[in-house]
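Undergrad: Quick mapping for you: the protein sequence lines, in order, are chains A and B. Under the numbering used here, residue 273 is the last one in the first sequence; the count climbs by one each step, no gaps. Under the numbering used here, residue 1728 is the last one in the second sequence; the count climbs by one each step, no gaps.
No wet-lab data here; the hints were simulated from the structure. In this text, all values refer to a predicted model and were calculated from it rather than measured experimentally. Ideal Cβ placement from N, Cα and C applies to all residues, glycine included. Worth double-checking, as some hints may not be accurate.
Stated by the list, open to error - Below, computed lysine to aspartate or glutamate pairings styled on EDC-like, alpha-carbon distance capped at 16 Å:
#1 B:Lys1480 x A:Glu206
#2 B:Lys1480 x A:Asp165
#3 B:Lys1624 x A:Glu206
#4 A:Lys126 x B:Asp1455
Stated by the list, open to error - Not the full set, but computed from the structure, chain A residues with beta-carbon under 8 Å of chain B:
#5 Phe124
#6 Met260
#7 Ile263
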Amino acid sequence: MKFSDEFETRFAKMVTNYPTRRSALVPTLLFAQDEVGYLSDEVVAELASRLDVTVLEVHNVISYYSMLTTKPRGKFNVQVCTNISCLVRGGEELLHHCAKKLGVGNKQTTPDGTFTLEEVECIGACSWAPAVQVNYDFHENLTTEKMDRILDEYKRKATQ
Amino acid sequence: MADLVSHPDEVKVVSRRFGLGATNIDRHLELDGYKAVQKALAMEPDAIINEVKNSGLRGRGGAGFSTGMKWSFVPKQSAKPKYVLCNGDESEPGTCKDRLIFEHDPHSVIEGVMIAALAVGAQSGYIYIRGEYRYLSIIMQKAIADAYAKGFCGKNIFGSGRTLDIYWHGGAGAYEVGEESALMESLEGKRGIPRIRPPFPAVVGLWGGPTVINNAETLASVPHIMLGGAEWFAKMGTPKNGGTRLFCLSGNIAKPGVYELPMGYNLKKMIYEVGGGIPNGRKLKAVVPGGASCPCLTADEVDVAMDFDSVAKAGSMLGSGGVVVVDDAQCIVKFALRTMKFYQHESCGWCIPCREGTDWLKKTLVRFHNGGGMKKDIDNMQYLAENMLGRTFCPLGDAAAMPTIAFVKKFRKEFEDHLDGRPCPFEKAGAAELAFAH
């Protein structure tokens, strides 16, 4: 299967960084997921063969890490932290607000495929709580009004 | 990009270059960058280890073990290659300090890894950064490439004839990987299941070779110790607790942020002066002093010096420096439930006391908070948590049990107030709709 040139360059370098090829597996899975959108059977088989591990072993690894998924997600994954620092500053209210606005529940995707909503564990934004990560972008010190503007902005990006 | 804060009581060591553009290697060099590693290159390995030992530097990840001591456990001779592994899998709820180090001073981490490698005789160092910190991984990879371009890493570093390779590695979302043996499994491309010890990583670590594993803040402190001297560093803190610490103030506090304060700084002062106290006219109810795994302190217990030994004496832990402040509008049962929901989610399931214990505690707390609690649940939760202590493969089981015991013991009345089908006394109107979150 075909990945981008950027992926291939990074992959070629990464496998030389370790005494065993398999060591490149976790970051490589995430980079592949970023390109394809999820870890499809095809991606899993390809990486298994490249890194000398079985498909089963790759699935074993995927199921351990919370960022890795074998199911397609929306274009923008809205990850709302509700862990303790966010909790006491309205993280749950924010999650509820997003659910209402997007019309989906936890780990569900909007029918147009734009947004997936996910309640996540601590993302390391505790001093700037409540916080949300949309894909890899941090949004911090949030209020429901700020959140509305952020979601509208992503919605606009999706239609461009 | 996270906002920076400041306070006159701060002593900036690790955060010295924050906000000064030090991600740029030339700017970093102007700010004394890579001087410490050159100094270390001229020293005997044992002299480096002794310097770090004498500085009183203790692991900033949470365990607080003497860094110099840890390095001294690595055998001098080894048939297998030795490694240094930087733990940047920062995921303890309440902790957001390594993020700032990677964002503002990535070269200090690289330099710390290099000095550790020189001290133990390793030729490779890995900097593991959690998957969620993608923008920091990009910053770190650029910093490593810049260091190679200058001839600081790779073959013949600084013309010394020595080889020292530094690599970036990324995670993909797992709290447990912050435990050092699980971190090695993850780096080897596996599930982050902890290893049984002994053997300890210093003897049998990455790919079977002796390995030193230190937290990012610990390693970022090392170049400053090499330049300023062990005595200077030790004096900033309290006995056996050298230096400063990045404290992450979060929760119900007026001025949340990451502040660098001397070890042993008073917690009460930290909350009311540095952090500006409790906003909205509320009162302090509890503080989690070092990340979610640390037993909470009540408002009456906060007059404590924030160093490893004093906080331990007060019945909690200094942990990872995450100070989570909780005001009197918050429900402790809810807070305990959210804490346990986290540990239940992150438990790998490898050993039974943790897998079953966290699940039962979460289920009990959910039922309890929803008004279905029975009086005997209160004692059962404490009993269950106490029986997890010390019976799990890795510290995750303890991390889940310890805060639970403290919540139940110190806030028993709040648990009792939820009995007999009464609604949570702290719940805001409309909050019942939030049930899907669990």
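Undergrad: All hints are to be evaluated individually against the structure, with a verdict given for each.
TA: Going down the list of hints, with the structure as the test:
1. Pair hint Lys1480 of chain B plus Glu206 of chain A does not hold up; C-alpha atoms about 36 Å apart against a cutoff of 16 Å.
2. Under the criterion of a C-alpha separation no larger than 16 Å, the hint pairing Lys1480 of chain B with Asp165 of chain A is consistent with the structure, at around 13 Å.
3. Distance hint between Lys1624 of chain B and Glu206 of chain A is fulfilled; the C-alpha atoms sit about 14 Å from each other, no more than 16 Å.
4. Distance check on the hinted pair: Lys126 of chain A and Asp1455 of chain B sit about 13 Å apart at the alpha-carbon level, within 16 Å; holds.
5. The beta carbon of Phe124 of chain A comes no nearer than 13 Å to any beta carbon in chain B, farther than 8 Å, and the hint placing it at the interface is violated.
6. This hint is violated: Met260 of chain A has a C-beta 16 Å from the nearest C-beta of chain B, more than the 8 Å allowed.
7. The interface hint given for Ile263 of chain A is broken, as the beta carbon of that residue sits about 15 Å from the closest beta carbon of chain B, more than 8 Å.
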